[in-house]
Every structure is written in structure tokens, then in C-alpha cells.
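J.: Protein sequences appear in the order of chains A and B.
Residue numbering for the first sequence follows our numbering, starting at 1 and increasing by one per position.
Residue numbering for the second sequence follows our numbering, starting at 1001 and increasing by one per position.
Among the hints, a few may not be true.
[What the hints assert, rightly or not] Coverage of chain B stretches by chain A, computed from C-beta distances (three or more under 8 angstroms per stretch; other residues unrestricted):
{"hint": "1", "stretch": "1038 to 1050"}
{"hint": "2", "stretch": "1194 to 1207"}
{"hint": "3", "stretch": "1303 to 1311"}
Hints are computed from structural coordinates only; laboratory data are not their basis.
Remember, it's a predicted structure, so these values are computed and weren't measured experimentally.
Ideal Cβ placement from N, Cα and C applies to all residues, glycine included.
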Amino acid sequence: MDISRELRERFGPAIVAEQETRDGIPTLWVAQDRFRQVLAYLKSGTDRPYAMLYDLTAIDERARTQRKGQPAADFTVVYHLLSFTRNHDVRVKVALAGAYPVTASITDLWPAANWYEREVWDMFGITFEGHPHLARILMPSTWEGHPLRKEHPARGTEMGPFRLPVEKQEREEEALLFHPEEWGLERHGEDTDFVFLNLGPQHPGTHGLLRIVLQLDGEVILDAVPDIGYHHRGAEKMAERQTWHTFIPYTDRIDYLGGVLNNLPYVLAVETLAGIEVPDRVKVIRVMMAELFRIASHLVWYGTFAQDVGQLTPVFLMFTDRERLFDIVEAITGGRMHPSWFRIGGVAQDLPRGWDGLVRDFLDYLPPRLKEYDKLVMGNPIFKARTQGIGAYTLEEAVEWGVTGPGLRACGLEWDFRKKRPYSGYEGFEFEVPTAQRGDCYDRAVVRVEEMRQSLRIIEQCLDNMPAGQYKADHPLTTPPRKERTMHDIETLIAHFLGVSWGPVIPAGEAFFGIEASKGNTGYYLISDGGIHAYRARIRAPSFPHIQMVPEISRGLMVPDLIAILGSVDFVLADVDR
Amino acid sequence: MDWVADFWIPLIKAVVVVLVLLLGGAYMTWGERKICARFQVRYGPNRAGPFGILQPLADAVKAIFKEEIVPNHVDKIIYVMAPGISFAAVLITFAVIPFGPEVDLFGQRVGLWVGDIEVGLLFLLAIAALGSYGIVLGGWSSNNKYSLLGALRAAAQMISYELILGISLLAVVLLAGSLNLREIVDFQGTWPLLVLQPLGFLIFLIAILAESNRSPFDLPETENELVSGFMTEYGGIKFALYFIAEYTAMVVNSAIVVTIFLGGWKWPALISDLHPLAGVGLFLAKVLFVLFLYVWIRASIPRVRFDKFMRFSWKFMLPLAFVNLLATAAVVAFL
Chain A
1 MDISRELRER
11 FGPAIVAEQE
21 TRDGIPTLWV
31 AQDRFRQVLA
41 YLKSGTDRPY
51 AMLYDLTAID
61 ERARTQRKGQ
71 PAADFTVVYH
81 LLSFTRNHDV
91 RVKVALAGAY
101 PVTASITDLW
111 PAANWYEREV
121 WDMFGITFEG
131 HPHLARILMP
141 STWEGHPLRK
151 EHPARGTEMG
161 PFRLPVEKQE
171 REEEALLFHP
181 EEWGLERHGE
191 DTDFVFLNLG
201 PQHPGTHGLL
211 RIVLQLDGEV
221 ILDAVPDIGY
231 HHRGAEKMAE
241 RQTWHTFIPY
251 TDRIDYLGGV
261 LNNLPYVLAV
271 ETLAGIEVPD
281 RVKVIRVMMA
291 ELFRIASHLV
301 WYGTFAQDVG
311 QLTPVFLMFT
321 DRERLFDIVE
331 AITGGRMHPS
341 WFRIGGVAQD
351 LPRGWDGLVR
361 DFLDYLPPRL
371 KEYDKLVMGN
381 PIFKARTQGI
391 GAYTLEEAVE
401 WGVTGPGLRA
411 CGLEWDFRKK
421 RPYSGYEGFE
431 FEVPTAQRGD
441 CYDRAVVRVE
451 EMRQSLRIIE
461 QCLDNMPAGQ
471 YKADHPLTTP
481 PRKERTMHDI
491 ETLIAHFLGV
501 SWGPVIPAGE
511 AFFGIEASKG
521 NTGYYLISDG
531 GIHAYRARIR
541 APSFPHIQMV
551 PEISRGLMVP
561 DLIAILGSVD
571 FVLADVDR
Chain B
1001 MDWVADFWIP
1011 LIKAVVVVLV
1021 LLLGGAYMTW
1031 GERKICARFQ
1041 VRYGPNRAGP
1051 FGILQPLADA
1061 VKAIFKEEIV
1071 PNHVDKIIYV
1081 MAPGISFAAV
1091 LITFAVIPFG
1101 PEVDLFGQRV
1111 GLWVGDIEVG
1121 LLFLLAIAAL
1131 GSYGIVLGGW
1141 SSNNKYSLLG
1151 ALRAAAQMIS
1161 YELILGISLL
1171 AVVLLAGSLN
1181 LREIVDFQGT
1191 WPLLVLQPLG
1201 FLIFLIAILA
1211 ESNRSPFDLP
1221 ETENELVSGF
1231 MTEYGGIKFA
1241 LYFIAEYTAM
1251 VVNSAIVVTI
1261 FLGGWKWPAL
1271 ISDLHPLAGV
1281 GLFLAKVLFV
1291 LFLYVWIRAS
1301 IPRVRFDKFM
1311 RFSWKFMLPL
1321 AFVNLLATAA
1331 VVAFL
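The shape of chain A in the complex, shown without the other chains (with noise of 0.2 angstroms):
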């Protein structure tokens, strides 16, 4: 049965609307005295349950125009719940009232939503009662304000200009004391006292600017708790301000390792605001970009995590054939790590002339070296005894974390955005997708290195069947416009001159896309109101949660085993921050 309809049917007068949306996700309007139990009741009542808090966000409404249908609302949290039996989502959204309202907490229903709501209550000043230690996660401590509200600013110049007096240095430094006995933490044990080890933010084994304190009994790790938001430069206030077009090169820098797997679902998710088709060649076109893009990030990785184990020598030949792959991204897009060269409605450019011989080459380039890596890294017996067995966790954990991508993968699930739900084409490509059973660090490895050569396959096809066609659609809202019939009809000529000018003004709506990306499912949730940019960006960012989830796999075991860990999680903390 229809979801909705059996929410309806169960509910009653607790759904209080159901919305329209471009991307149709069912949303539903939910009471908030009743919001938990409809939550409950979709996670574990219904059969086939929606399993997975997807994402959890809020919606500042109060200067929105265009909420035709949409109960009164001065903010909205908004729960996202993604379901692997039936391959569906369902949006639910609550409405609250008042400048800083206050809500329940659903931390006893997802363990997840523990960050969300901190974040959501960091950005927006919403209050979740029930939260075990409802703290700021990404501004410091001492900000003053909630950084997504409509009236906090935006840019620096409308903020006074900046001091720091030597007593607010001293503040801001004493802020940054971990206190153990705020986060449930005991010094002492029964006859040990414990260590607190500040791992970060500065620390070669973090890959970035993360901190983690950890609760160490020797150098076993009792609990850990992780700071975060230091790489927290405020992507989705930007995109309040940056018009449609010119916030795709910010999408770059999300998971910067990634390139365009970042502009691909915001691209996707503005087309589908705008009712886009773009045409095959621009698929075929993206798709291998994308996996081009896979595999730079699946190398940084695999050279990496080696590198957390001890091994030396895999990250500079990864790096070096990363080198290779960044050839053809340059040849083709002028750019390297952060291409930016996904548009509304198209690509960039055309691919350039000799694009197929380089991709060719590269396709005979690596499959020998990959298994050669095999035998270097993971045939060998002491990265084995660092990997099996150690951050270990089961489908269950996973789901419940909200853990997507290879981590999920590897668990046994064979759930990918490319295979379950195609998008761009890919419906048309043959490939596999790896899985693994255990969940451990190793199987990780496994499913990430299987998934380089799936991504080859993905690239042969792309450069065998590359169609003919344009790189833009026929859309007036593609940016920039084509250009050929301007000179022609002052229509068209308007068009673009403002297309150019302001960006494209996207009709109102709201519109989600997630895709598989190298590190997980990135989604970006956008609303327009009918302006030349979003009136809210929701990035939902793969790594976030598995970073939330990094302290349960980690108890009980050491400090090398933390940074195995990390290592085998694959995340960017600018993609956990955003």
C-alpha cells in the first residue's frame, strides 16, 4: 500500500497535509505531538519499514513567499527515512512556531539523529528536547547566533569588523577545554585513572582538521568523542546567496576529493527543479567524468589507508597514477581536483578532440597496476592483522547509523544508487556492485578496490558508446544558454543576457537528489522560491554519519586500530563539515 495512504489510514488527523514536491518523495505535514510516533511507527511498525534516518534538517520558512499548501510554519525540521526493502523514501516534516522553538527528540529512535539535531539546533536555534547533550557541533562553542537563520548575515562585511582582544583569545582558548564529565565521561576507573588524549585537530592520522578526545585506559580506547567543525566554511548559507549557477563550483569543495560526483547531484537535483532532459551525449559525458572521479578518490584512499597501517611506498603510486587520471580530467575540463564543469542542463564544454585516446590509455594502464596494489596491500599478511576483524559492524549497525556507500556495502547489502535507483544513464551500463560480508576494515578495502575496476568498466562502455549530440540542453534554463540562435531573436537574446547576468530564475519547489558517490550518498535537498538562488540547500553528506558512528566501532580496541579505522571509513572532513 502507498505509504501516505497508510499513514492516513493509521494517523488520522496527525497528518496534517501532504506537499507537492518535484521530486516525488511523498511529504508528509505531521503533527508535532504526533510526529514520533508516525516516526516510530514508519521505522519498525509498518512492514518493510523505513529503516534508515536518510537525513535530518530544518527549514528557516519565515521569508519564504511561495508555500502554497504548507501548513503555517516559522521553521520546519525535516525527517528524510529511506527504506532498502521497498526502495523508497518518505519525507516527513514538522512544523514549529515561535522565533526559537522548541521540539522532542527522536536520539532514542536513531542513535544518528544525535549529531543532526545538534547541528540542526547549531544552525538554527532549535531546541530538541530529550537530546542527550544537545551541543554546538560545527560553529565553536562561544558563536554567537545560529548561523542558517534568514537573519543572521551572510557575508563578513555585513558583521562589523573582526577583534580579538587578548581576554576573547583567552575565552575562545578556554572554550576549547574538553571536559569529560560534560559528555558522560569518567575520569577515574575502579583502580585506574585515565588518560585523555586530545587526537587532533592537528594530527597525521585524521586526514584533516578533526579532533578526537579519546577516553584511553593504557592505550585501549574506552570512549571517544569527536569534534568537529573545524572545515565548516558554511556551504549551504553560501547557496542562499550564490546564484543557482555559480554555486557549482562550491559543490567541488564538499568532498574535494571527489570533483564532479559533487556538482553531479546538485546539477541533477536543480534539473529536476526545472524540469530539465538533458540529452544522452551529456549523460554518457557525465557519467565518466564521475567515474573517473571514483577512481581519483578510491586511489587517494587506498594510498592513504596504507599509509595508516605503516606502508610507505602504496600512497606515491597511487598518488602517482591519480597523476595519470588528473591528465584527462585537465585535457578535458582545463581544471584538476575541482573541475567545477557540470552545468544546469549540460557540461561545460564539448569533450575535447584525442579525449578517447588518453581515456583509452588509462584503461590500459591500470588494471595491471591494481594487481600489482593487490599483492603490495592487500595480500599482504601484516595489513591483513591490521584490518580484519577491527571496526567491525553488522548490516544492522549500518543501517541504524545511517552508514551508505562501501562502508554499507560491505556489510553484505548490495545497495547502490547507480543500480537501484539509476540516475544519469547508468541504467544503460553493465557493471557490478562489490559487496562484502564482515564490515570490517578489510572488507571495506575490498569493495572500494573491486569498485575501481567496475568503475574501468563504466569508462570502456562510456568510450565505446559515446553518442553524438549536444553537450547542453534545449532548455531555457540551462546555464549558460546556448548560444547559436541569440544573434538571431531578441527572445532568445533576453534569455541569455539574463541567464548570464542573474542565473536562471528555477520555479518554486523543492527537490532532492542523492546519488552514489565515492564516499557514500551525497544528496543535495533544494527549495526554491522562485528566485535566482536557493531558498534553502540541504547538503546531505555521506561522511557526517559515518564519522557520528566512528566511537562505536572503536571501543574496546587501540589507538593504531582508531586510525585503521579512520582510515578505512574514507571520509573528508570538508565533507563532514560542508
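Given the coordinates of chain A, assemble chain B onto it according to the supplied hints.
T.: Leaving out everything else, chain B in the frame of chain A:
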């Protein structure tokens, strides 16, 4: 007192050996960077002089001219002393290693060793163990949690591996019938002990890797986990001292392996009519080979986890070393 034989010759030998060792340690850093680079599709240092040959000098100059920082929260005296202890211990170790036969130089009979003492092997073990004090004290006095963890690891590692080192050497002593290193080399006139003690050699090699804190047993340092382990708080020349101590220790330890298991300066088979100084060249070549092994291992394999490594040492290596000792003893007693 014969001033020439008892004072000047030993003094000159000591000075020459120390200088050569220092240079060797310094150039070991260059060698490792070069060799590692070749493993890793890189060039390695190639800016300072041809093939980057002046790189160690440039590094030394840089380290010396760096600002001397002693953090506020450290135990100052021990903090400054610790790198010196490590460094001194390494230099002293080499004193008992013979690097050539007795030769006629400038009309004098000169033994190519600094000290020829009857309990050379014991001396070796004792001084080598002393070197770990430098690491433990440095880590402890730094008053930093990473340093402390590194120091604790170093202490645990030292206790486990000294034991295995000692037992694997006992088998050698049984065969050679002497603790004097010169006599152990003489014993290997026909065949190097590697042939008689293959198992002992392997055990010794692993133990000496652990002893010199080298990959895959560089656990007191472990960049990925402990930032820099025991030397996290060190900078400038003090850091350089630790660094050069580590690399000189590699050279010295290689010399020990060569002396005890690879026949020292002797040719492996029965070629004896070569110039005695050729033996020194051979000794050097063997040392370089063992040093290459060090780098080769470092470039190839990952690091083991600390507790697994301890388990490996106590539950596997130690019994194995005992078995080797008993087997050797049985052979010596009954054959």
C-alpha cells in the same frame, strides 16, 4: 708505557671510527631517502650537490641554526640530556666491533678494532640496552601524552627484545666458544654463522629491527598514531641528535649483524690470500647490504600493531629462540 701502541694508536682509531660513524649515520639518511624514493617512483633529494649528496650537510646546518626551543612544561635537564644518551650509547657500541684483521700500518701492528675485550658480546648487549634509556627518558621528560605513550612502548619493546636478542646470541656463543667478537669472526673463517644458525639469524634480524625502532617495529615513533612518539616535543639540534642516533644505530646494528652472522671482514669461502685491507672493504660492503635490507623492509611492509607485536615476541619469538638454543646445545654436546 709504550705511548704509541697504548695511547696514540687507540686514540687515533677511536677518532677515526667516530668520524666515520657520524658520517655514515648522516649519509644513511641520504641513502634511505634515495633508495626509498626509487621504490616510490620519486627522485629523492637532488638539489644540494650532485645527486643531492650534500643534503645531509644542508640538513645539519639547518638543524644547528634552528632556534633552540625548550618547552615550559618539560623536565629541562633530562629533556636536554636524553638525545645525548641515545647518541652516546650508539657510538660506544661500535667500540668492540672488529672491522678488519690485524694489519701492518706505518710499521706498527694495528688491530682494526677499537677495543678487544673478552666479554665483547656482553658489552654490546649492555650498551645497546642503555640506548633505550635515551628514548624512555626523552618521552617521559617531555610531559606530553604522545611522548609518554611512545616512551612506554619503547620500554616494553626493549625488555622483550633484549631478551630474544640475548638468547639468539647464546647459541652463537655455544658454537664459537667465546664472547670475544674478534674470536667469533675468526670462528667464521670457513663458513659464516648464517649457515650454521639460519634460524638464529632470522630471530636476531627481527630482534635487531625492533631494537633499532625501525619499520615495521617503529612503534615508539609511529607517525600516524603518536605524531612523532617520544620525540614529539623535540626540535632543532636535539631532534637532529635523535635522528642521527637512530641512523647511526642502524649502521652499528648492521655491523653487529655482519660481525656475528655474516662472517665480519672474512670472505665466505676459503679465499685467504687477499690483502688484509680488502677485508675492510668487504666488511663495509656487507654492512651496506644489511642497511639496504633495513630500507627495503621499510619501503615495503606496513607496521604491526603494538600489542600484537608484544604477543608475537613473547609467545612466538621467545620460545623459538629457546628451541634454537636447545637444538644448538644438543648439537654441540653430542656431535
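J.: Which of the listed hints are broken here?
T.: Result: hint 2 breaks, nothing else.
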